[in-house]
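A.B. asks: Listed in order, the protein sequences are those of chains A and B. Sequence positions in the first sequence follow the numbering used here and run 1 to 169. Sequence positions in the second sequence follow the numbering used here and run 1 to 362.
For the record, the hints were derived by calculation from the structure and aren't laboratory data. Computed from a prediction, not measured in an experiment: that's the story for all the values here. Every residue, glycine too, gets a C-beta built ideally from N, C-alpha and C. Among these hints, one or two may not hold up.
[Said to hold, decoys possible] Which chain B residues face chain A? A few, computed with CB under 8 Å, are given here:
| id | residue |
| --- | --- |
| 1 | Leu38 |
| 2 | Ala94 |
| 3 | Gly98 |
| 4 | Phe100 |
| 5 | Val125 |
| 6 | Leu128 |
| 7 | Asn129 |
| 8 | Gly130 |
| 9 | Ile133 |
| 10 | Gly140 |
| 11 | Val143 |
| 12 | Trp151 |
| 13 | Trp337 |
| 14 | Leu341 |
| 15 | Pro342 |
Chain by chain, the residues run as shown.
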Amino acid sequence: MHDFLFYGLAGLLVLSSLLVVILPNLLHGAISLIGSFFVTAALYILLQMEFVALAQIMVYIGGIVVFILIIILLTTRLGEESLAPGPGQKVWGLAISGALGGLIFYLVIDSIQPENVAMQADEEAGGLEQIGLRLLDTTSDGFIVPFEIVSVLLFISLVGAVVIARKDK
Amino acid sequence: MNDIAFPTTNAIGDLVRANFPASSAYIINGILGIAAVLITVALIPVFLVWMERKVAAHFQARLGPMRVGFHGTLQSVADGLKLLFKEVLKPAGADSFGFFLAPILPATASFLVMTIIPFDHHLQVTDLNGGVIYVIAISGLSVFGILLAGWSSNNKYSLLGAMRSGAQLISYEISLAIIMLLIVLVSGTASLREIVLSQQGTVLDWWIFKLPGLGLVAFIMYLISSTAELNRGPFDISEAESELTGGFTTEYSGISFSMFFLAEFVNMFVAGTLTTTFFLGGFLAPQIGLGTVDLLFDAVPGFVWFFLKTCFIIFLFMWFRWSFPRLRVDQLMELEWKVLLPINIIVLVLGAIFVAQGWILP
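Kindly generate the complete structure, drawing on both the sequences and the hints.
C.D. replies: The following block contains the structure:
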């Protein structure tokens with residue numbers, strides 16, 4: 001059952017990711033990007049990483065794709081032929097993506113060892129509480145310093161937005 | 001302890017589990033739960049449209065719909081049927097894919113959020129540990145429907161309305177998320193069921209009153225931000241009919257339009273249920289500390305209290321809509337970025353101090 005689900009989702013993921021680059025209309029590409037992010041989230045849920053899946057939807061779909069969409073909507077000449085790549089660009093694109101794909105494939109094949117095969121996580125490993133405790137752990141195992149730096153950065157950006165909005169009076 | 005006082009299983013689920021093997025009972029119960037939520041999604045707008053028209057009418061000293069059924073109760077059924085049979089028109093040059101995909105998205109988002117709402121301690125399809133994160137993540141989806149509808153209609157009014165609405169939804173989402181974060185902070189959990197159970201006790205133990213003063217401020221902030229997030233008056237600039245004819249729904253007709261209409265009312269219901277869950281004790285009975293009254297209130301099932309509280313919040317939304325004049329676009333943005341956001345940040349920091357000092361019992 002899980003294998004079946006995995007291959008179905010993986011096929012959908014490949015299909016929607018391909019559509020992102022192939023579709024001539026930018027907006028349609030952005031919509032299939034939403035689809036591909038959703039399928040990725042579903043894969044995370046299959047791996048019992050509920051929090052990562054939710055974060056994926058919140059950050060990528062709720063944040064990044066919305067901004068991509070707004071930028072696309074503000075662009076003129078949407079979906080016209082001139083946006084399609086020329087023959088020279090196609091050759092270069094194929095070469096670069098082929099090289100990158102080959103490298104990733106090689107590294108993945110190389111790293112498949114019996115001890116690296118993913119195992120079922122124990123009940124709460126991906127849970128909210130466990131992640132929170134781990135983030136706030138002050139021992140060498142924890143992530144307290146990066147966590148604090150990131151939260152200060154985010155807080156500064158929030159306050160900065162308010163300050164910028166207030167300035168033009 | 002909470003699981004004994006508030007069991008998670010209900011009679012129908014037990015019946016299925018008793019008659020089927022465990023693995024198929026699991027699937028059957030899931031399907032039954034989702035079907036129940038779907039039926040709720042389909043029926044809630046029928047009631048809310050009637051309620052909206054009645055409330056609006058009485059605010060304007062009219063009677064509202066009176067002819068179809070008792071006091072017009074069947075009016076929205078008749079209107080809904082009429083909308084279903086109307087022709088769906090697509091403007092020339094519109095993008096078919098986006099045009100027909102867009103109406104589905106907002107309704108889907110509100111349906112997905114409804115699946116984790118605790119209508120009662122045993123009436124919840126599933127309880128996620130990260131329920132609040134799920135709510136924030138999924139409710140971001142409805143903005144796609146609006147942006148897509150505006151762009152693919154190939155109409156300048158639609159596009160303008162969609163862009164306004166997109167900016168509005170993204171801005172007010174920040175305020176909503178901060179208030180949700182405050183509730184997560186004080187209740188110590190992100191699961192909606194646990195948030196409700198953290199408010200056990202008398203009325204004064206609900207989060208709206210439990211935090212001295214802070215809860216009330218947070219509640220008002222949450223109400224304002226939800227109203228804006230719902231695109232309802234006084235924040236309905238995305239479909240301001242005097243400026244934009246109909247905003248992003250200008251080119252929609254028939255069933256496509258009614259999907260947007262349905263989503264608007266289901267969204268209002270979802271916002272009401274979330275407010276009830278976060279601030280008004282969810283399915284808990286309002287106990288006021290008098291022995292007999294409390295016993296009487298406790299005898300009423302939890303979902304009745306839940307729906308009563310939700311209806312009260314929805315009534316507040318309608319009250320806002322028919323009392324305040326519409327804001328201008330710049331006023332709307334000013335309100336969020338210069339007023340609500342600073343206040344919300346201060347409220348969140350104060351809440352953190354309360355928790356760190358141990359002034360709030362977990």
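A.B. asks: Each hint needs a verdict: does it hold in this structure or not?
C.D. replies: Okay, the hints, checked on the actual structure:
no.	hint	in the structure
1	Leu38	violated, 20 Å
2	Ala94	violated, 12 Å
3	Gly98	holds, 7 Å
4	Phe100	violated, 12 Å
5	Val125	violated, 15 Å
6	Leu128	holds, 7 Å
7	Asn129	holds, 5 Å
8	Gly130	holds, 5 Å
9	Ile133	holds, 5 Å
10	Gly140	holds, 3 Å
11	Val143	holds, 6 Å
12	Trp151	holds, 5 Å
13	Trp337	holds, 4 Å
14	Leu341	holds, 6 Å
15	Pro342	holds, 6 Å
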